[in-house]
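Position chain B against the provided structure of chain A, taking the given hints into account.
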Amino acid sequence: MANMNTKTPLMRVHGISKELGGREILRSVSLDLYEGEMKVLIGPSGGGKSTLLQCMNYLLVPDRGEIELEGRRVDPRKARELCEFRQHVGMIFQDFNLFDHLTATENVSIALRKVKGMSRAQAKARAKAELDRVGLADKGHLYPAELSGGQKQRVSIARALAMDPKVMLLDEPTSALDPELVSEVLTVIRGLAQNGMTMVMATHQMGFTRSLADEVLFMQEGRIIEQGSPKDLLAEGSGTRTLDFCSQILDVEGAGA
Amino acid sequence: MNEEFVFLLERLLPALNKGVIVSLQLIVPSAILGIFFGVVVGACRAFGGGFLGALANGYAALFRGTPLVIQLFILYFGLPNVGIYFQPYTAAVIGFTLCSAAYHSEYIRGGLLSIKRGQVLAAQALGFSTFTTLVWIIIPQAFRRALPGCGNEIVYLIKYSSLAYVITCFELTGQAKIVASETFRFSEVFMVVGVYYLFLVTVASYGLRRLEKRLEIPGFGH
Chain A
482 MANMNTKTPL MRVHGISKEL GGREILRSVS LDLYEGEMKV LIGPSGGGKS TLLQCMNYLL
542 VPDRGEIELE GRRVDPRKAR ELCEFRQHVG MIFQDFNLFD HLTATENVSI ALRKVKGMSR
602 AQAKARAKAE LDRVGLADKG HLYPAELSGG QKQRVSIARA LAMDPKVMLL DEPTSALDPE
662 LVSEVLTVIR GLAQNGMTMV MATHQMGFTR SLADEVLFMQ EGRIIEQGSP KDLLAEGSGT
722 RTLDFCSQIL DVEGAGA
Chain B
1430 MNEEFVFLLE RLLPALNKGV IVSLQLIVPS AILGIFFGVV VGACRAFGGG FLGALANGYA
1490 ALFRGTPLVI QLFILYFGLP NVGIYFQPYT AAVIGFTLCS AAYHSEYIRG GLLSIKRGQV
1550 LAAQALGFST FTTLVWIIIP QAFRRALPGC GNEIVYLIKY SSLAYVITCF ELTGQAKIVA
1610 SETFRFSEVF MVVGVYYLFL VTVASYGLRR LEKRLEIPGF GH
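Quick mapping for you: the protein sequence lines, in order, are chains A and B.
To convert a position in the first sequence, counted from 1, into the numbering used here, add 481.
To convert a position in the second sequence, counted from 1, into the numbering used here, add 1429.
With the rest of the complex left out, here is chain A (with noise of 0.2 Å):
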């Protein structure tokens, strides 16, 4: 996964902005979106990372810039390309976002059914399947009540991969997890990225980033004020904002991951 910038982007974002509630959370932001990349964005809250996250699928609509998907543009005005367009993109949300009244195979079954118009056979074939690979084969029939925060997690991203995205987007997926659940979830995580799943993950898991990142993006005050593989820019004494902010919040947390 080294050098692909010889190769056309995936996705390309460029120059995307967003003001929220009369703030500009983001300014400007652009990043090129190589297939089976995994790019982590690190910074300080109210950076910019959910919101650029949120955005590449959007969630949220930017004010300015513009979002390609192999290629192509989105409108995001016409609903059905909307539509279209988040089925290729998923999105793993830091409180899981489980649908509550429905299994956890009914979670992944249901979009299948719904948004692909699978049949109700072949979309319980393949939730079980994506419940299987990971790691949740014995607990279909659970409500999410009834799952850990880490299973809950699992569930969710089963439900994204059923869908068969070509990008996938985490906004800090371990980050509302016990300690202790936390490497179920990045177990997981990792299989993905070994398997070229293309993935952009806010995260501040230090020691899986350091691991599994291509690049690195540094987010701050709605800018990408650094990037770089994580090598260059977490190596001792490279005096980098990206190697400053994650030896306080190693300091603070005790531990890597």
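The set of hints was computed from the structure by calculation and includes no laboratory data.
Just so you know, even glycine gets a beta-carbon here, dropped at the ideal spot from N, CA and C.
Treat the hints with caution; some may be incorrect.
[To be verified] Each computed DMTMM-like pair below joins lysine to aspartate or glutamate, with the alpha-carbon atoms no more than 20 Å apart:
{"no.": "1", "chain 1": "A", "residue 1": "712", "chain 2": "A", "residue 2": "695"}
{"no.": "2", "chain 1": "B", "residue 1": "1642", "chain 2": "A", "residue 2": "576"}
{"no.": "3", "chain 1": "B", "residue 1": "1545", "chain 2": "A", "residue 2": "576"}
{"no.": "4", "chain 1": "B", "residue 1": "1545", "chain 2": "A", "residue 2": "587"}
{"no.": "5", "chain 1": "A", "residue 1": "620", "chain 2": "B", "residue 2": "1645"}
{"no.": "6", "chain 1": "A", "residue 1": "609", "chain 2": "A", "residue 2": "627"}
{"no.": "7", "chain 1": "B", "residue 1": "1545", "chain 2": "A", "residue 2": "627"}
{"no.": "8", "chain 1": "A", "residue 1": "647", "chain 2": "A", "residue 2": "547"}
{"no.": "9", "chain 1": "B", "residue 1": "1447", "chain 2": "B", "residue 2": "1617"}
[To be verified] Pair ranges (Cβ atoms, derived):
{"no.": "10", "chain 1": "B", "residue 1": "1507", "chain 2": "A", "residue 2": "597", "range": "44 to 54 Å"}
{"no.": "11", "chain 1": "A", "residue 1": "556", "chain 2": "B", "residue 2": "1647", "range": "34 to 44 Å"}
{"no.": "12", "chain 1": "B", "residue 1": "1508", "chain 2": "A", "residue 2": "560", "range": "34 to 44 Å"}
{"no.": "13", "chain 1": "B", "residue 1": "1507", "chain 2": "A", "residue 2": "560", "range": "37 to 47 Å"}
{"no.": "14", "chain 1": "B", "residue 1": "1559", "chain 2": "A", "residue 2": "619", "range": "31 to 41 Å"}
{"no.": "15", "chain 1": "B", "residue 1": "1647", "chain 2": "A", "residue 2": "547", "range": "37 to 47 Å"}
[Unchecked claim] With the Cβ distance kept under 8 Å, some of the chain B side facing chain A (calculated, not the full set):
{"no.": "16", "residue": "1548"}
{"no.": "17", "residue": "1550"}
{"no.": "18", "residue": "1566"}
{"no.": "19", "residue": "1647"}
Leaving out everything else, chain B in the frame of chain A:
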């Protein structure tokens, strides 16, 4: 004693049984239509912006803010002045439906607003349209949360169906009133009528509790 028994069996019960059939014919369609319109109005009140939301809010304010008797009078005695004529039965069903939908909309609105926004985002992120999100994600949850309130409204409906007789639709209370004024046995008649209503409400409550149980989901709304 014997005479009382004859009155009960040969006069009162046949009249009340006739009346209770009419009552059921009023209650069942009004309850079903009321829930249906209540969901539509509640959804408009919770999510409909601008004109639609204002219209739905105005409707709910009007029908919750005026006595049902007045609404029935206007439907049956008032509308003919502008050339709209309803049969007593039709006027009663329309009146009950509109009134109970206004109350249902309040419970449904609360249920809709209680659904966490994150679930809507998650549905959108999966490619759900606004409509499919509403139908498959939001309403099934909102309905469960609103069910105890809506059940309460149906219990009310059973009792306020007794107002149909004021617009000459002779249901349970209407029949009772006829028998009572012809025989002057007011206390006996209305005590038996009370038992009829109590029976209807008990059956309805039992059915609603069964429904709540059937729709129960672990850790949901409790």
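Here's how the hints hold up against the structure:
1. A:712 x A:695: It holds: about 9 Å lies between the C-alpha atoms, which stays within 20 Å.
2. B:1642 x A:576: 28 Å, violated
3. B:1545 x A:576: Answer holds: residue 1545 of chain B to residue 576 of chain A is near 11 Å, not above 20 Å.
4. B:1545 x A:587: Judged against 20 Å, a Cα distance of about 18 Å means the pair holds.
5. A:620 x B:1645: Since the Cα atoms of residue 620 of chain A and residue 1645 of chain B sit roughly 19 Å apart, the hinted pair holds (cutoff 20 Å).
6. A:609 x A:627: The given pair, whose Cα atoms are some 18 Å apart, holds under the 20 Å limit.
7. B:1545 x A:627: With a Cα-Cα distance of about 18 Å, the restraint between residue 1545 of chain B and residue 627 of chain A holds, given a limit of 20 Å.
8. A:647 x A:547: Roughly 18 Å separates the two Cα atoms, so the pair holds.
9. B:1447 x B:1617: 18 Å, holds
10. B:1507 x A:597: 44 to 54 Å: 52 Å, holds
11. A:556 x B:1647: 34 to 44 Å: Taking Cβ atoms as reference, residue 556 of chain A and residue 1647 of chain B lie about 42 Å apart, which means the hint holds.
12. B:1508 x A:560: 34 to 44 Å: This hint holds: roughly 40 Å between Cβ atoms.
13. B:1507 x A:560: 37 to 47 Å: For residue 560 of chain A against residue 1507 of chain B, whose Cβ atoms are near 43 Å apart, the range 37 to 47 Å holds.
14. B:1559 x A:619: 31 to 41 Å: 35 Å, holds
15. B:1647 x A:547: 37 to 47 Å: This hint holds: roughly 45 Å between Cβ atoms.
16. 1548: 5 Å, holds
17. 1550: 6 Å, holds
18. 1566: 6 Å, holds
19. 1647: Where the cut-off is 8 Å and the nearest Cβ of chain A is about 5 Å from residue 1647 of chain B, the hint holds.
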